[in-house]
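Student: Single-letter residue listing:
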Amino acid sequence: MKAPRPLQLLGQAAAWTLFAVVTGVFAQWPSYSPLAEGHGELKLSMAHLTERLEPCVQLSPEEVAALPPNMRVAERCERARAEAVVQLLLDGEPLLDTAVRPVGLARGGRSYLQAHWSLPAGDYELELRLRDTPRETGFDTVQRFRLGLAAGESALLDIGDGDARLVSGRDPAPAPQENQK
Amino acid sequence: MSSRYHGSSRVLRLLARFELPFSRAFAAEHNPFHHLGALTIYFFWIILVSGIYLFLFYDTSVSGAWLSLERITHDQWYAGGVMRSLHRYASDAAVITMILHMSREFLRGRYRGVRWYSWFTGVPLLWLVFIFGITGYWMVWDELAQYVAVSTARLLDWLPIFSDPMMRNFLSNETVNDRFFTLMAFIHLVGLPLALVLGVWFHLLRVRLPRINPPRTLMAGSLAALLALSLAAPALSHPPADLGGVPLELQLDWYYLAIYPLLDASSEGAVWAGLWGISLFLCALPWLPPMKHPPPAVVHLSDCTGCEFCAEDCPYGAIEMVPRTDGRRFELEAKVDPALCVSCGICTGSCPSSSPFRKQQPLLTGIELPYCTMNDFKRRLEAAAARAGGPGPRIVLVGCDYSVDVSAAEQRDVAALSLPCAGMMPPAAIDYLLRTGGADGVILAGCDAGDCHFRHGDRWLRQRVARERMPKLRSRVPRERVLLSWHKPVDVAGLSAAIASFRQRLEALPAEGPTEDEEWSA
Numbered sequence: 001m002k003a004p005r006p007l008q009l010l011g012q013a014a015a016w017t018l019f020a021v022v023t024g025v026f027a028q029w030p031s032y033s034p035l036a037e038g039h040g041e042l043k044l045s046m047a048h049l050t051e052r053l054e055p056c057v058q059l060s061p062e063e064v065a066a067l068p069p070n071m072r073v074a075e076r077c078e079r080a081r082a083e084a085v086v087q088l089l090l091d092g093e094p095l096l097d098t099a100v101r102p103v104g105l106a107r108g109g110r111s112y113l114q115a116h117w118s119l120p121a122g123d124y125e126l127e128l129r130l131r132d133t134p135r136e137t138g139f140d141t142v143q144r145f146r147l148g149l150a151a152g153e154s155a156l157l158d159i160g161d162g163d164a165r166l167v168s169g170r171d172p173a174p175a176p177q178e179n180q181k
Numbered sequence: 001m002s003s004r005y006h007g008s009s010r011v012l013r014l015l016a017r018f019e020l021p022f023s024r025a026f027a028a029e030h031n032p033f034h035h036l037g038a039l040t041i042y043f044f045w046i047i048l049v050s051g052i053y054l055f056l057f058y059d060t061s062v063s064g065a066w067l068s069l070e071r072i073t074h075d076q077w078y079a080g081g082v083m084r085s086l087h088r089y090a091s092d093a094a095v096i097t098m099i100l101h102m103s104r105e106f107l108r109g110r111y112r113g114v115r116w117y118s119w120f121t122g123v124p125l126l127w128l129v130f131i132f133g134i135t136g137y138w139m140v141w142d143e144l145a146q147y148v149a150v151s152t153a154r155l156l157d158w159l160p161i162f163s164d165p166m167m168r169n170f171l172s173n174e175t176v177n178d179r180f181f182t183l184m185a186f187i188h189l190v191g192l193p194l195a196l197v198l199g200v201w202f203h204l205l206r207v208r209l210p211r212i213n214p215p216r217t218l219m220a221g222s223l224a225a226l227l228a229l230s231l232a233a234p235a236l237s238h239p240p241a242d243l244g245g246v247p248l249e250l251q252l253d254w255y256y257l258a259i260y261p262l263l264d265a266s267s268e269g270a271v272w273a274g275l276w277g278i279s280l281f282l283c284a285l286p287w288l289p290p291m292k293h294p295p296p297a298v299v300h301l302s303d304c305t306g307c308e309f310c311a312e313d314c315p316y317g318a319i320e321m322v323p324r325t326d327g328r329r330f331e332l333e334a335k336v337d338p339a340l341c342v343s344c345g346i347c348t349g350s351c352p353s354s355s356p357f358r359k360q361q362p363l364l365t366g367i368e369l370p371y372c373t374m375n376d377f378k379r380r381l382e383a384a385a386a387r388a389g390g391p392g393p394r395i396v397l398v399g400c401d402y403s404v405d406v407s408a409a410e411q412r413d414v415a416a417l418s419l420p421c422a423g424m425m426p427p428a429a430i431d432y433l434l435r436t437g438g439a440d441g442v443i444l445a446g447c448d449a450g451d452c453h454f455r456h457g458d459r460w461l462r463q464r465v466a467r468e469r470m471p472k473l474r475s476r477v478p479r480e481r482v483l484l485s486w487h488k489p490v491d492v493a494g495l496s497a498a499i500a501s502f503r504q505r506l507e508a509l510p511a512e513g514p515t516e517d518e519e520w521s522a
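So the protein lines, in turn, are chains G and A.
Each step along the first sequence adds one to the number in my numbering, with nothing skipped, and position 128 is 128.
Each step along the second sequence adds one to the number in my numbering, with nothing skipped, and position 417 is 417.
Don't read these hints as lab results, they were simulated from the structure.
Keep in mind that a hint or two might mislead.
Stated by the list, open to error - Label pairs and their in silico Cβ distance ranges:
1. G104/G / W158/A: 49 to 55 angstroms
2. Y78/A / G38/G: 38 to 44 angstroms
3. L128/A / G104/G: 29 to 35 angstroms
4. V190/A / G11/G: 37 to 43 angstroms
The structure presented is a predicted model; accordingly, all values stated were derived computationally and were not measured.
For each residue, glycine too, the CB sits at the ideal point set by N, CA and C.
With the hints as extra help, turn the sequences into a complete structure.
Tutor: Following this line, the structure appears as structure tokens:
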């Protein structure tokens, strides 16, 4: 059973309009906010080389001579490294307390950690405690930072191989520019 | 004997009821729901062409990506702007048609048994399409791209893939580099398109004569709809990415990016568990539980001449012609692969030996279904012809198990029988009903045009009756006494109207009937 031609055309137009509307609407609506209103973000990123579990052993000249000529080194080091124990306190309250194993099959690489928190905009005291040696208690590094977090800001606490640093997100972003080709 | 084991399910009836108005508006053979897979491929052609145009002006650098897209969008809104919007909306449309295609095949049960392969190979395509879309949004390097990049890095870092976390590339504006954009451009413009083409090839590997392109009316209609949408709501960028901040409001493309709010609301592990869980479930679906399908077609070498018609007509490539094994003088014989046979009976319709005129007892044919043999079929044809009474024209209505229930259309002068597929009807049986069976007219009613449950049954039957395909309807059969009528399972009214109109037509014909070569079609 076929509909009359004008009705068919009307039906087709209605179908394609519906198709366009459904396609277009959910391509951009409803809008979404990754952060609650009045909040900013604190990111922590760690890529830290901890101390070896066993200290390197200095080789004697005889031991060095016994090695193949192309593999002669002055000291022998076990690859395994200590876990990194990280504590982060926000205004004295614990925000993070974790131990991170170094990467690699022999646990000889860096210890990596990524974390983020959504916080209401405001001023905070941050205290970072880091144990990166084979010791069982206490911390090797303790650093304190003042964080002034604005709404929509993303601040970064970056723990590298040296000291940790707090990078404010309010530093102006570089303006987009055309590349010279 | 065949049985109606699909067409009567409530979900299928609802689906048919939903699609029926589209068959009326577009004509059944152009109903968009009959071409969802082909429409998806067509949208990828639009994406490809518009994408190539955009790439001509795109700057693959951190500082230039956003700005180059702003220039494309605003400085040449009539070309680049429209192309960008088309690129985006065709991508969204492809997700819509892809999900509808998958859902429709599931609801119609066309994912199990022999058809597991196409379903199974479709699952990786879902992943490819979504990765395609996500990498595309990434390349704009606006706030939305930043959100997508950071969230994707978070997801990938949860997996034990990278020793140096991916997230470290997106810590601040200084850590993002141009090489990353070159990599993204390579993945989005070369790697993923090639993978997608390969994936579609695998997806269609077991489909004989796949419909790659939709009808031109659908191409034109969908392109016009996407163009109108592109002009009415052009795709625009968010402000440029700034990793020192977090975007406060995003116009999210929910077709591609819905997993990211899910990630915010749950965890990386939960999102991966969901994605892998859904994917594994979809992969396993064809065997949950294993399908008990009817026995495959069997070949009777005594009646097989090796003509190859069945092998040409089988929609699933289940019939192979192999050298003769019984010593008869024919070169080839048909051999059925039970792993590919869906037991549709289309091969019986294509076999020249499938003739009820033959006196052989029991009546055999070259190839037939064990549960719906030629002998049964002849008996049912004769019973139906005997049931159709006067005083007006006597009509035999032959339907299929997946279309409208023909038994509901039985009347005093209309007797019905149903076959597994309308394509199983041999043209000789039409001749037999009109010459020997005493019927004045024959109606062949199958699935809606272009929507045969077994893919090509309607097409082959139409061509055989039109004397365009072997075995052809004999020229002595008056064509005006044969009606081809295609319907959705719920379209009882459409079938009844076709019967009434056909009855009037038969009443107007002289008793012997003219033999003018005029096709009648509802």
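Student: Could you run down the list of hints and mark each one as holding or not?
Tutor: Structure-based check of all given hints:
Our hint of 49 to 55 angstroms for G104/G and W158/A is violated, since their Cβ atoms are close to 19 angstroms apart. For the pair Y78/A and G38/G, the supplied restraint of 38 to 44 angstroms holds, since their beta-carbon distance comes to about 42 angstroms. Separation of L128/A from G104/G is about 32 angstroms and conforms to the stated range, judged on CB atoms against 29 to 35 angstroms. The given range of 37 to 43 angstroms is respected by V190/A and G11/G, whose C-beta atoms sit roughly 42 angstroms from each other.
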